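Take these sequences, add in the hints, and give me the full structure.
These are the residues of each chain, in order.
Number of protein chains: 2
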Amino acid sequence: MFNSSSKIIDGIQHSKNLLHRVKTLASVSEDFNKRKPCIAVILVGENSASEIYVKNKIKTANNIGIKSIKISYPSSVLENDLLSQIKKLNDQNEVDGILVQLPLPNHISEEKIVLSIDPSKDVDGFHPINFGNLFLGNYTMLPCTPLGCLHLLKKELGSLSGLNAVIVGRSNIVGKPMQSLLLKENCTTIITHSKTINLSEFTLKADILISAIGKPKFIKKNHIKPGSVVIDVGINRIKLDNKNKIVGDVDFEDVIEKVKSITPVPGGVGPMTIACLMYNTVKASYLRNNNKFKEVIFDE
Amino acid sequence: MFNSSSKIIDGIQHSKNLLHRVKTLASVSEDFNKRKPCIAVILVGENSASEIYVKNKIKTANNIGIKSIKISYPSSVLENDLLSQIKKLNDQNEVDGILVQLPLPNHISEEKIVLSIDPSKDVDGFHPINFGNLFLGNYTMLPCTPLGCLHLLKKELGSLSGLNAVIVGRSNIVGKPMQSLLLKENCTTIITHSKTINLSEFTLKADILISAIGKPKFIKKNHIKPGSVVIDVGINRIKLDNKNKIVGDVDFEDVIEKVKSITPVPGGVGPMTIACLMYNTVKASYLRNNNKFKEVIFDE
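Quick mapping for you: the protein sequence lines, in order, are chains A and B. Under the working numbering, the first residue of the first sequence carries the number 567, and numbering increases by one thereafter. Under the working numbering, the first residue of the second sequence carries the number 567, and numbering increases by one thereafter.
Keep in mind that a hint or two might mislead.
Which copy is meant is left open, so a pair is good if it fits within one copy or across any two.
[What the hints assert, rightly or not] Straight-line Cα separation of at most 27 Å, BS3-like style, residue types lysine-lysine; simulated pairs:
id : residue 1 : residue 2
1  : Lys-621   : Lys-573
2  : Lys-678   : Lys-858
3  : Lys-750   : Lys-678
4  : Lys-678   : Lys-781
5  : Lys-860   : Lys-761
If you're looking for bench data, these hints aren't it; they were derived computationally from the structure. No experiment lies behind these values; they were computed from the predicted model shown.
In structure tokens:
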């Protein structure tokens, strides 16, 4: 049987390596500033997925020397109370990062909440001014999932200059920022989406293929340029043989022989996202204290 | 001889048509708000090109019922004095738009100046938060040149959905915002640049080709997909037969038989930029007074 293991980009191992470096950075920050870097996480309502995400974030933070503050609200919380809480956290000097776990209940405007976070503490990178700076190439806080994908790509390929990068999906939190990051790495970038005619015409040019569309096993070998690197951002829950299973946007078994390497789902991009959140928190603690910060996440 | 006139996208006529609509909008705004829309233009130093640009902007504004305030400084002006002036204009309710003519002298940070402008008065669309909103698809103030290009494309082609748009050049004020606009119009978008390998491989797929690289007559017919629409943003000064001449990035004579239509240089994109600046000023006067504004610039 074909041995695919050498082609798998191990996101779990890469995230461990990155977290190890973040831990060192956190400890240096603590020495500088006489306090640990600190993230405040706000959880609204009883969404079980959100609860698990928040729990993992806090656990990871505590493991690597980042202080965490968890603030929980019932789903009935008023928008104004949430805004006041965020204002308080903005004003607290010892809080470096603020994360509001999304989604929020319908009566609360996510846009207003994101806008209310001090951009220098916006460790999710979702504030419009942080997106604007990303767009302009002045990196401040970068959204975690695309940042994690870029980290994997640079570890896998070294310099990306001159490569053709094709992104499938144009969401604000993955597809678009991914393109901005790859453009700055000197890739020729193509964004495709649901209105693209003849998708494979583009994906067949991809030295780097990134899929973030949320369609289980949508990308097949007929989409793949031989020897490409594939990053699968999809996390799709399907039923298989009456069991629940998580699969990516890419039909892993179908493409594996053709690719140079590929991220699995689970165990690929997912673990990187949380590592990048920790990275952003420590980065914020450096920048807010005017300590020089070296972007080790871009190391090849 | 081949008759090319039917293929020319007449930017002068399109800008006149748009300015005519802006004039009507300005007059409605004046009725609503008991004052004309108003733009303040700041000119620093004695750059003769800048002086001509500013003069044209003010003349155009006055012609269509927009009040203008011109503020001139010597090139020795201190950054802080400029910042105080902008703060004053930010605070004046009767000023709808603030434009600082670029470039500025080296001792003044353009970034700091742009950041100091109230984003709701940023009629150039250069503030990071306006770029961020463009990126996110929440249109506020949009940069004038790409906006003008989009206007021409929609007038020429109607719906752009599903078309392949290839942008040559990745500047912050043309290439990147152009891509964001075309992505929202449901184009498949490709950004190419100096590090792109085999440029024509991409441009040959372009139903819409936009060039903004500043290289005279760089784009030849071997780059062109038959029947495409070409928008030439380049304004390059060259010597031809010992005379000064302005030419675009596209070799007009070389490509004309192959294209569906093309903007000439001069007389294509150039006149649209100033019309879009007037559009933005009137739009700002509507939005700042909570008057409902219909984005007629996107009409097909």
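Do the hints match the structure? See the list:
Taking the closest pair of Cα atoms, Lys-621 and Lys-573 never come within 27 Å of each other, the shortest separation being 31 Å inside a single copy and 62 Å across copies. For a Cα distance limit of 27 Å, the shortest separation of Lys-678 from Lys-858 across copies, 21 Å, qualifies, whereas the shortest one inside one copy, 31 Å, does not. When the C-alpha separation of Lys-750 and Lys-678 is checked against a cutoff of 27 Å, the pair qualifies only between copies, where the shortest distance is 22 Å, while the shortest distance within a copy is 29 Å. Taking the closest pair of Cα atoms, Lys-678 and Lys-781 never come within 27 Å of each other, the shortest separation being 30 Å inside a single copy and 43 Å across copies.
In the homo-oligomer, the alpha carbons of Lys-860 and Lys-761 lie at most 27 Å apart only across protomers (25 Å), although the nearest pairing inside one protomer, at 40 Å, exceeds that limit.
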